[in-house]
Amino acid sequence: YVAYADSIPMIVICAQNQTWKISPDHGSMQALDQQSLFAPVTKWKVLISHWKRIPSLVQWAYREAVSGRPGPVLIDVPADVLYHTEERENLETPVLPPERYRSFAPPLGDSESIKKAAQVLVKAEHPLIHAGGGVLQSGAEKELVKLANHLGAPVTTSLMARGVIPEDHELSLTPGGYGALAAQVEADVVLAVGGKFGDLDFWGKPPGWGEFDEQTVIQIDIDPTMIALNRPVNLGITGDAKSTLKRLIEEVVQLQPEKRKPGPSLAESRAAQNAWLKDFKELAQSDAVPIHPLTLIQKVRDFFPRNAVSVIDGGNIAIWAVYLNRIYEPRTFLWASDSGHLGTGLPYAIGAQLAHPDRLVYCLTGDGALMFNIQELETAARLNVPVIIIVANDKAYGMIKAGQKALCDSRYIGVDFSDTRYDKVAEAMGCYGERIEKPEDITPALQRCVDSGKPALLDVLIDGSIHLDPPDFSVVASIWLEGCSMPED
Numbered sequence: 003y004v005a006y007a008d009s010i011p012m013i014v015i016c017a018q019n020q021t022w023k024i025s026p027d028h029g030s031m032q033a034l035d036q037q038s039l040f041a042p043v044t045k046w047k048v049l050i051s052h053w054k055r056i057p058s059l060v061q062w063a064y065r066e067a068v069s070g071r072p073g074p075v076l077i078d079v080p081a082d083v084l085y086h087t088e089e090r091e092n093l094e095t096p097v098l099p100p101e102r103y104r105s106f107a108p109p110l111g112d113s114e115s116i117k118k119a120a121q122v123l124v125k126a127e128h129p130l131i132h133a134g135g136g137v138l139q140s141g142a143e144k145e146l147v148k149l150a151n152h153l154g155a156p157v158t159t160s161l162m163a164r165g166v167i168p169e170d171h172e173l174s175l176t177p178g179g180y181g182a183l184a185a186q187v188e189a190d191v192v193l194a195v196g197g198k199f200g201d202l203d204f205w206g207k208p209p210g211w212g213e214f215d216e217q218t219v220i221q222i223d224i225d226p227t228m229i230a231l232n233r234p235v236n237l238g239i240t241g242d243a244k245s246t247l248k249r250l251i252e253e254v255v256q257l258q259p260e261k262r263k264p265g266p267s268l269a270e271s272r273a274a275q276n277a278w279l280k281d282f283k284e285l286a287q288s289d290a291v292p293i294h295p296l297t298l299i300q301k302v303r304d305f306f307p308r309n310a311v312s313v314i315d316g317g318n319i320a321i322w323a324v325y326l327n328r329i330y331e332p333r334t335f336l337w338a339s340d341s342g343h344l345g346t347g348l349p350y351a352i353g354a355q356l357a358h359p360d361r362l363v364y365c366l367t368g369d370g371a372l373m374f375n376i377q378e379l380e381t382a383a384r385l386n387v388p389v390i391i392i393v394a395n396d397k398a399y400g401m402i403k404a405g406q407k408a409l410c411d412s413r414y415i416g417v418d419f420s421d422t423r424y425d426k427v428a429e430a431m432g433c434y435g436e437r438i439e440k441p442e443d444i445t446p447a448l449q450r451c452v453d454s455g456k457p458a459l460l461d462v463l464i465d466g467s468i469h470l471d472p473p474d475f476s477v478v479a480s481i482w483l484e485g486c487s488m489p490e491d
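Positions in the sequence shown are counted from 1; adding 2 to them yields the numbering used here.
Everything labelled a hint here was simulated from the structure, so no lab data went into it. Note that the coordinates shown come from a computational prediction; the quantities given were computed from them, not determined experimentally. Idealized CB from N, CA, C, for every residue including glycine. A few of these clues could be false.
Restraint-style ranges between C-beta atoms, simulated for each label pair [what the hints assert, rightly or not]:
#1 280 / 415: 30 to 40 Å
#2 484 / 361: 34 to 44 Å
#3 282 / 360: 23 to 33 Å
Take these sequences, add in the hints, and give me the full structure.
Here it is in structure tokens:
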């Protein structure tokens, strides 16, 4: 589901009972209709019923996984097909290199539509660019920043797209922050690239955006079904983000050769953002014990270099991390924000470290989220993958507990944990482990993690009472519970 919701290309090969057992199943052990089971969470699926079709169907699977909007595909292989042996020359479809069975040329948007988009953007008084995950999938971050610089347009992003523009860039506004919301409402023209305006983008609708009849929206997406999915558009362009933005920049520069300076509305939005962040930065300086969540996040972010890969996992800690865990480079931020799935942090971190052995990789996770896949610490130790896991330990499912506090008059059921020593669990699995109880110990402990050369885990005791009430929790809850009839206070 995570791969499906977050548009991650995957080839999943599953073993299946013999063909004569499954059509239909008649009580054989481990029989399962995997095609039906995984249908809602796969982009494409197939059961290979004969060995002759293996090459063509595997090629088809790769084509589906990486074409258009990426996603997971399932290849279901019955045991009798899997164990069949045959001479290569007897294959009806040869085993081919990728360029022989799928296109590598990114689709370019319609040229007339691109020209119209350029005309609208050049005439705009308050243009804004909103980037979705498709910008990263396409590798279009340089083009996006170049266009923003030329138009003097502020840039907001979905949570999936953080890093497409450095978050200390003069045109960048923090996703979900007051400055970003102000700019999104103020903009007279919005260029949305590679995103669908999901729920954490307020569906692209007021009050998080301008009124439909007052705000012009141009949407670029590689998947035509994403155009106007959640918000009506004035101009939809189906195309790859990188190639389409390149062409759009050419048209904009032709109409407006000189770069435009950002308008006064950007200064107003940035002032709103700075005011919004001011209190958080002050709270992060707290030396209180137990540790304030923002103190932990700020010290972690200050320790790691700009190009470190940041992985987020959990409930409330993920909300806290939005404020002060800044992202500066493309593909240095991983969070299953579209799926909202817990337990992805440790596997994501291991994968990121294997992909980038030359970079530091850290994962900020809640204790509840960690326990979904804590056994992968053994994997990290066995493979000698030196990820650094920072556990914000409030001894609870903090987000669920916050919901029970708000909706159930603080009647807590099944949300509190015993005092588990996650650092000792890590040590038992071959990792470096340490428990942290004071703010001043965080930075030296992080250095010891790096110096250990091993996968490492810091078990950081945070203030559970403060952690229970992250800023803007009510906004997030209202998005999740939209349309529900809630009990009166």
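A quick look at each hint next to the structure:
1. 280 / 415: 30 to 40 Å: Holds - the Cβ-Cβ distance for residue 280 and residue 415, about 37 Å, lies within 30 to 40 Å.
2. 484 / 361: 34 to 44 Å: With Cβ atoms ~38 Å apart, the hint holds.
3. 282 / 360: 23 to 33 Å: 32 Å, holds
Consistency with the previously given hints is maintained throughout, with no hint failing.
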